[in-house]
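**Q** Here is how the chains run, residue by residue.
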Amino acid sequence: MTSARTSVAAAEMNTHTGSRRDWIVAYLFLLPFLAVYLVFLVYPLFSGFWISLHDWELVGNFREYIGFQNYRDLWADVLFWKTIRNTALFASITVPCMTALALALALAVRRPGRLYAVLRGVFFASSVFSVSVVTLVWRMVLDGDRGLLANLFRSVGIRPIGFLGEPFWAMPSLAVATLWWGVGLPMALFIAALNQIPQDIYEAAELDFASRWKVLRRITLPGIKRTFVLVLVLQIVLQFQMFGQAQLMTKGGPADQTRTIVQYIYDTGFRDWQIGYASAMAVVLFVLMFSISMVQLWLGSKED
Amino acid sequence: MRKLTLASLLSATMLVSAAPTHAADVKLFRFFGDCAGDYGSVTDVSKANGECGIIQALTNKFNAENKIGAKVVTQTVDWNAYYDLLSATYTTGNIPDVAIMHRSILPNFVKRDLLTPLKGPLTKAGVDFADYVPAAADAVTVGDEAYAMPFDIHALLVHVNVDLMKKAGLVDAAGDPILPKSAAELIEQGKKFKEATGKTYIGMESDSKAAMTVRVFNSLVWQQGSDLIAPDGKKATLDTEAGSKAASLVDEMYKAGLVNKEQDYAGSEQAFLNGDTGLLFNGTWGVDNYDSQAKGGKAGLKSYKVANFPNLFGTPAAWSDSHLWTVPANPERKPEVEEAAVAFLKFLNDNNFQWARTGHLSVRKSVIASEEFKKLPHRSEYAETATIAHAFPAVQNQRAIQDVMITELTSMWLAGRTPGEALTSEQQRVDQILRRNR
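Read top to bottom, the protein sequences are chains L and B. Quick note on this note's numbering: the first sequence kicks off at 1 and runs consecutively. Quick note on this note's numbering: the second sequence kicks off at 1001 and runs consecutively.
The set of hints was computed from the structure by calculation and includes no laboratory data. Ideal Cβ positions, reconstructed from N, Cα and C, are used throughout, including at glycine. Accuracy of the hints is not assured; some may be wrong.
To be verified - Straight-line C-alpha distance at most 30 Å; calculated DSS-like pairs for lysine-lysine:
#1 Lys1191/B with Lys1167/B
#2 Lys82/L with Lys1235/B
#3 Lys1255/B with Lys82/L
#4 Lys1061/B with Lys1365/B
#5 Lys1234/B with Lys82/L
#6 Lys1192/B with Lys1071/B
#7 Lys1261/B with Lys82/L
Claimed, not checked - Now the stretches of chain L that chain B is said to cover, found in silico as 3 or more residues with beta-carbon under 8 Å:
#8 27-36
#9 41-55
#10 269-281
With the hints as extra help, turn the sequences into a complete structure.
**A** Take a look at the structure:
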């Protein structure tokens, strides 16, 4: 009896120490990630906010605490508001188009077979290039004088359009280059999600003679809803940080029509050395992206 | 496999660290491109061409011949990112020992004591400051101190396709191109040229990145005896009568179809070389290349000449800037490294003629007076540029100012703004930048 009681107690203690050991092991595994996360994300976030409260020069030693003056200056900065409008316009073009295009491609190429495997590779391949390569290629296509499209237009007797030089076309042109560049990853995410929808549901639908449109609306789309929200949030965060395309293809022109927030942050911080003011902009951008993503996530979860 | 890679990485690291270190390694930070593939082992500078080739060959020659055991290690940076990266080195601590810098950038660095004063060290090494032409001496001097060593003056020129000009009847008896002497004449001759040849009269980068626009505009303002910034450096003087005349002329050039607004920098050069442009507005740096292409016989451009930027408003003036060599301040630099850096600068100064082969104007009176300089192709055609070269007033943040001016001026033909609208906005935004300057 005594020995039985002891063994039960020992077993209980074992589970107890066992679970504690699990916790320790779990934290040990998490530690590298947490360390990197703290050093490269959390610390810079707070440090950036701290810098934004200063008149702080990137080069040299000038630093002066000025409270929220940088934020007050931002409020009155016409160019900053313009970059926000430009960036929002860019995101409002690219995010829906990217999501729709990625989904369409995923639906088209997720089938088994060698041809589709090759096509998946082809559509994903453009994501591998660096922004400098992508912009170089697209400049060669869009250049109003020597570009591929300009030559095509001329060959059929139409006056070429200066896609990167005309205010109306500049932003859509950057969006097209971005779509071509970035569609690979969301497409891959959609393919993964589509493959998780059980095949028997489709078979059942087929037995019921459901139309393809009905299958898409009633089975496929609800089946990938979480991925859909994930892609949307990722795209919003990504497209709000657009920089390289504008910097390399239009340098923010014509007439600041394609100047984006990150480009303005870069110029202010690195060209003009005003890292305090640039940090204030970065904080505003962070809050903006964070809020939009939260709203998106909230909307996504509300419908569950 | 991974083990193998790791092992080879390790041995490679050991090899690098075991390589003989020189008495003084000088870290050189520059743009001008990377041509180590073509010129990596060339020490005969006369065999090198172009900015990149010549500076690479000069560096090789110094490394091979100097007696103090110095070795210059080059880090080439793409021109677009150059100043951002140079600025960043002050924060990361990896400060170069010698860095190329434009005259227009110098004020930012001097104001914050980021450069080593060089008058004493260079004089001691044997560099004669009295040999510099006044514009070059001005470029590096603040008060009584020199914060850099001048290397060239580069300025706006007109590159001419003589065949096309002849076709338009715009060549005199001596075979020299006839260039306009007033704003009205420019438009008139342009229309005549266009009618006779069906080609573009003026080639000039015109996209939303076009710095050439600003160079032309500045030159036109200076030609009216006016300036772009008030003498105290606190306010811009852009939205003025002179500014308005200059901007209106540029706008008119586009409206009359004399310039192809679809061309970017490379496009404008290509069109000129293809023989599709009468006059190319570009700097001294193009001379060497266009000359050899025209002589090479493969380009559409067959008969090439250069001219000073035409005086359209009475006072001759052409935009200019200068390449300067600096020694970025670094309290941790060893004295022998600084000595080696100065020795390298002295070597570059001794070879200033070689650099002038690029097309840039020499900064040394003795080189300009030399026979070998006079023998360089086309130099007599733009000799006057040395005296009419005009630099932007020495204020801080000229990169930001130039970017604003590019945006506002190009908006005339890219976004349909009037010269008045462009100038009002330009004035306001440049004033804002000047207000920030400490």
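**Q** Failing hints, ascending?
**A** 6, 8 and 9
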